[in-house]
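Got chain A sorted already, so can you dock chain B onto it with the hints?
Just so you know, the protein sequences line up as chains A and B, in that order. If you use my numbering, the first sequence closes out at 501, no skipped numbers anywhere. If you use my numbering, the second sequence closes out at 433, no skipped numbers anywhere.
Just so you know, these hints were derived from the structure itself, not from any lab. By construction, the Cβ of each residue, glycine as well, lies at the ideal position given by its N, Cα and C atoms. Careful: at least some of the hints might be erroneous.
[Said to hold, decoys possible] Among the chain B residues that face chain A by a calculated CB cut under 10 Å, a handful are: (1) 192; (2) 244; (3) 301; (4) 308; (5) 312.
[Said to hold, decoys possible] No farther apart than 25 Å at their CA atoms in a straight line, the calculated lysine-lysine pairs in the DSS-like style are these: (6) 320(B) / 362(A); (7) 190(A) / 37(A); (8) 323(B) / 362(A); (9) 51(A) / 10(A); (10) 338(A) / 320(B); (11) 362(A) / 322(B); (12) 51(A) / 65(A); (13) 37(A) / 148(A); (14) 385(A) / 320(B); (15) 244(B) / 256(B); (16) 362(A) / 7(A); (17) 51(A) / 7(A); (18) 51(A) / 107(A); (19) 362(A) / 338(A); (20) 338(A) / 322(B); (21) 385(A) / 338(A); (22) 385(A) / 362(A); (23) 37(A) / 362(A).
[Said to hold, decoys possible] The following label-pair restraints were derived from C-beta to C-beta distances: (24) 327(A) / 229(B): 38 to 44 Å; (25) 309(A) / 136(B): 55 to 61 Å; (26) 85(A) / 255(B): 56 to 62 Å; (27) 162(B) / -2(A): 52 to 58 Å; (28) 61(B) / 57(A): 27 to 33 Å; (29) 364(A) / 229(B): 21 to 27 Å; (30) 241(B) / 429(A): 48 to 54 Å.
Here is what each chain is made of, one letter per residue.
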Amino acid sequence: MSSTILEMQGITKNFPGVKVLKDVNLAVRSGEIHAICGENGAGKSTLMKVLSGVYPHGSYEGKILLDDREMRFSSIKDSEAEGVVIIHQELALVPHLSVAENIFLGNEVTSGGLIDWHKANAQAATLLERVGLHENPVTLVGHLGVGKQQLIEIAKALSKDVRLLILDEPTAALNDTDSEHLLDLLRQLRSQGITCIIISHKLGEIENIADSTTIIRDGIVVETIDMADPGSTQDRIIRGMVGRDLEHRFPERTPKIGAEVFRVENWTVHHPTQPRTVVENASFGVNAGEIVGIAGLMGAGRTELAMSIFGRSYGRDISGTAYLRGAPVPLRTVDEAIAAGLAYVSEDRKRYGLNLIQDIRTNVTASGLGRISKRGWINGNEEIEVAEGYRRSMNIKTPTVMQIVGNLSGGNQQKVVLSKWLHTAPEVLILDEPTRGIDVGAKYEIYTIINQLADAGKAVVVISSELPELLGICDRIYTLAYGRMTGQLPASDATQERLMELMTIEKTKEAVR
Amino acid sequence: MSAVADLKDLFTRNLRTSGIYIAFVAIVLLFTWLTDGMLLQPTNLTNLVLQFSYVLILALGMIIVIIAGHIDLSVGSVVALTGAVSAVVVIRHGAPWWVGILAALAVGLLVGAWHGFWVAYVGIPAFIVTLAGMLLFRGLTLRVLNNVSLSPFPREYQQVAGGFINGLLGGNGYDVFTLVIGAVAVVAFAYSQWRSRAARLAYKQPVESMGLFVAKIVAVAIVVMAFAWQLAHSRGLPIVLIILAVLILTYQVVTTRTVFGRHVYAIGGNLPAAQLSGVKVKKVNFWIFINMGLLSGVAGAVFSSRSNGAQPGAGNMFELDAIAACFIGGASTTGGVGRVTGAMVGGLVMAVMSNGMQLMGVPQSTQQIIKGLVLLVAVAFDIYNKRRAGAVR
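Just chain A, with the same shape it has in the complex:
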């Protein structure tokens, strides 16, 4: 029980402009559940990607020892061959394939070079039994909920004879029942001798299940604590994770809230391909100079709500009314939304926010080309001047606006996206996970920018899954659960617990109340 299965020694990993991991040491005992805690951007996921070979040997410094043998994984295939399997936060299942097909994807059960479907389905059924999922192996994965998909991922890992299972925030998108089920399963796997590393933000969960916990902050291991120790409480973990006064993580601001600028009423959005609603009868409003938060778990419909408002960029059969300064506005296209004074900063800046192969200059002006052009002709000099202006005011750390955006760090990329939207001179800014994947220093800068926007009288909506962030910067917080607005709290009254409660109200429960 006490022998060490995994040792990571002196792991250092750099991304351009950011040192994500600094000389990290991690030791995991055989057959334990080892939790890794840390704020978003602390380097947890990066560490696990180093371990599983997503970042190949050579792209980082340091050593990985598995059973005292040094490992040099050059891909996930290599690590899986050693029984190290990672389940990512974003599930990697193919929705159009069946459960069995997904379980054996890349690892097909063959006889004589052809896939033996009978055998594959039978084996899949056994694996599903082991994870406690009662589904037919030929069911399409797309028809199952997130909780069940998570179990399929675990079944997939089991099919690879896993010895060390890594789960990256496995319960983030799950409701309480599904989470409980998953944790039970992990205990069961532990009793079968499988070692687990679990990354989680849910401290209650960690206290409940982990044997030891490693706390990472800003790319450094703060400490590893034995959870059997009576001193290992949630408070101790929080202290280690934050490592400084909570008050100083967010810049000071005295809100000056004006009249209502933007309001959405009875907003309903249907899934683009499936016959279900993603957002149901949601209503919210935001005032001038106010920062309003929308809290919701993954899959609650946060992004869907924002994107459907922003020029119907998501979903179908959208109904509801949007009001700008009391008057209804049609926001039928992105163009109309921009003209009305809306801006939407996407949660996924690489996919939806930036043209990574172009320079800062073209990205900054992409949404507001009309402001620097006359009758379709771009004023090249003015464009450079505008971009240079944002580079300086936003403190984008690069010598010239001709720099290709793909070469910038996450924080600087996010500043480019913000510049792009500020250049459209919006009145209402919807910021979807504005600090995702950004290091702590840059986060502070982004918060400062958000505060400045509010102080300039803009109406700001921040969507985030990080509750401390919402509590730290918002004036008012709405909660979204399963596509419905379940509550609204002034930030001064809100606590993480209270918000979490509202964020997990299920439809049926609400109907009973």
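Just chain B now, with coordinates in the frame of chain A:
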């Protein structure tokens, strides 16, 4: 920075864009040597321009299509169709030459609207739409021509691609007008380069060193004047070269200086991001194909003029030459990257190779094999460069 270090930096950092120019110079030198200088003879240079102008015209439209992440496989068929319609109007019905040209352009526009509709508004991939168009418009060409060739065109029509401006300002066997135009082009180039350099300096943007800047302009001046000199003591300035120069200039400006051009790059670079930035993707895609259709019409008119008639099989494989020109010129297969100048040099690489091999009497089969290999190597080089750039990160 010293001039040498500067030059080295320019080559290594911009290998992707400068590589094509180096390759072009190498190919010209190679074939000049292989053909004992025949390649650069005045008559041959004139022929080169006449023979490959329509591929360059098509590449101008194609590069925009490719930057936006699409492809157009139908342009060969459209060249045939537009030429055929023009021939029917002029030869069979006796309309004046300019009606024929207008008819070709109109048909090109209609074809572009057809493709644009399916690609932009129905959402079918351009590969499929234009593959269908390739068959469809070839079939229509056969219908229009009743499966037979039509010729000859009246003399004015032939002038479009076969005519020259010669003797306008006199000269003793050396057309002064051609030389003057060449000189004007050099001065205009130098002036615009100087202005953009001055503007960049004013905004404290990095620029190349003065030495390199002057060297670049001198090199361009020498090439242009040598080219003009050779043309001047052959048959003068080909009209088609004027058409081509105007088009290249126009599209260079459209891709680099207009909102439309910027939107094309945005769509090809990251489609969802472009959509969420307020780019009217459907409209832009529609106009991209309208433009491609119009240029196919221009190429159709030029080609029918040069071949002095319309044939059912005209323009066969033109699409591949145009596409190859773009990719050799550094365009990315995934969209978002590409330049008009690159596509033009890419087209010239193909032209010089074909022409050089024809002069050497290399059999058609070998020519095709070599062209195919060059395309493959060019794109492999591009991918290698991308990976290298990625590794640096």
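To see whether the hints hold, each was checked on the structure:
A least Cβ separation of about 42 Å between residue 192(B) and chain A goes past the 10 Å threshold, and the interface hint is therefore violated. Look at residue 244(B): its Cβ gets to within about 8 Å of chain A, closer than 10 Å, so that hint holds up. Against a cut-off of 10 Å between C-beta atoms, the interface hint on residue 301(B) holds, since the closest Cβ of chain A lies about 8 Å away. Nearest Cβ of chain A to the Cβ of residue 308(B): about 9 Å, under the 10 Å cut. The hint holds.
Look at residue 312(B): its Cβ gets to within about 5 Å of chain A, closer than 10 Å, so that hint holds up. For the hint linking residue 320(B) to residue 362(A), the alpha-carbon distance of about 18 Å falls within 25 Å, and the restraint holds. The suggested pairing of residue 190(A) with residue 37(A) holds, with an alpha-carbon distance near 21 Å, which does not exceed 25 Å. Our distance criterion of 25 Å between C-alpha atoms is met by residue 323(B) and residue 362(A), whose separation comes to about 19 Å.
Restraint check for residue 51(A) and residue 10(A): satisfied, since their Cα atoms lie roughly 13 Å apart, inside the 25 Å limit. With a C-alpha separation of about 20 Å, the suggested pairing of residue 338(A) with residue 320(B) holds against the 25 Å cut-off. A hinted pair counts as satisfied when its Cα atoms are at most 25 Å apart, and residue 362(A) with residue 322(B) qualifies at roughly 22 Å. At roughly 19 Å between alpha-carbon atoms, residue 51(A) and residue 65(A) fall within 25 Å of each other, so this suggested pair holds.
With a C-alpha separation of about 18 Å, the suggested pairing of residue 37(A) with residue 148(A) holds against the 25 Å cut-off. For a cut-off of 25 Å, the pair hint linking residue 385(A) to residue 320(B) is broken: about 32 Å separates their Cα positions. A C-alpha spacing of about 21 Å is found between residue 244(B) and residue 256(B), which places the hinted pair at or below 25 Å, so the restraint holds. Proposed proximity of residue 362(A) and residue 7(A) is contradicted: the alpha carbons are some 43 Å apart, above 25 Å.
Pair hint residue 51(A) plus residue 7(A) holds up; C-alpha atoms about 17 Å apart against a cutoff of 25 Å. Taken as a hint, the residue 51(A) and residue 107(A) pair is broken in the structure, with Cα atoms around 40 Å apart against an allowance of 25 Å. As the CA atoms of residue 362(A) and residue 338(A) are separated by approximately 30 Å, the hinted pair breaks the 25 Å bound. Distance hint between residue 338(A) and residue 322(B) is fulfilled; the C-alpha atoms sit about 22 Å from each other, no more than 25 Å.
In summary, the hint linking residue 385(A) to residue 338(A) is supported, as the alpha carbons are separated by about 18 Å, within the 25 Å threshold. At roughly 31 Å between alpha-carbon atoms, residue 385(A) and residue 362(A) are farther apart than 25 Å, so this suggested pair is violated. For the suggested pair residue 37(A) and residue 362(A), the alpha carbons sit about 48 Å apart, so the restraint of at most 25 Å is broken. Separation of residue 327(A) from residue 229(B) is about 40 Å and conforms to the stated range, judged on CB atoms against 38 to 44 Å.
The hint said 55 to 61 Å for the Cβ distance between residue 309(A) and residue 136(B), and at roughly 60 Å that hint holds. About 59 Å separates the C-beta atoms of residue 85(A) and residue 255(B), a value consistent with the hinted range of 56 to 62 Å. For residue 162(B) paired with residue -2(A), a C-beta distance near 57 Å keeps the hint of 52 to 58 Å intact. The hinted window of 27 to 33 Å between residue 61(B) and residue 57(A) is violated, with their beta carbons roughly 52 Å apart.
Evaluation of the 21 to 27 Å hint for residue 364(A) and residue 229(B) yields a pass: the beta carbon distance comes to about 24 Å. A beta carbon spacing of about 33 Å between residue 241(B) and residue 429(A) contradicts the range 48 to 54 Å that was offered as a hint.
The structure does not agree with the numbered hints 1, 14, 16, 18, 19, 22, 23, 28 and 30 stated previously, though it agrees with the rest.
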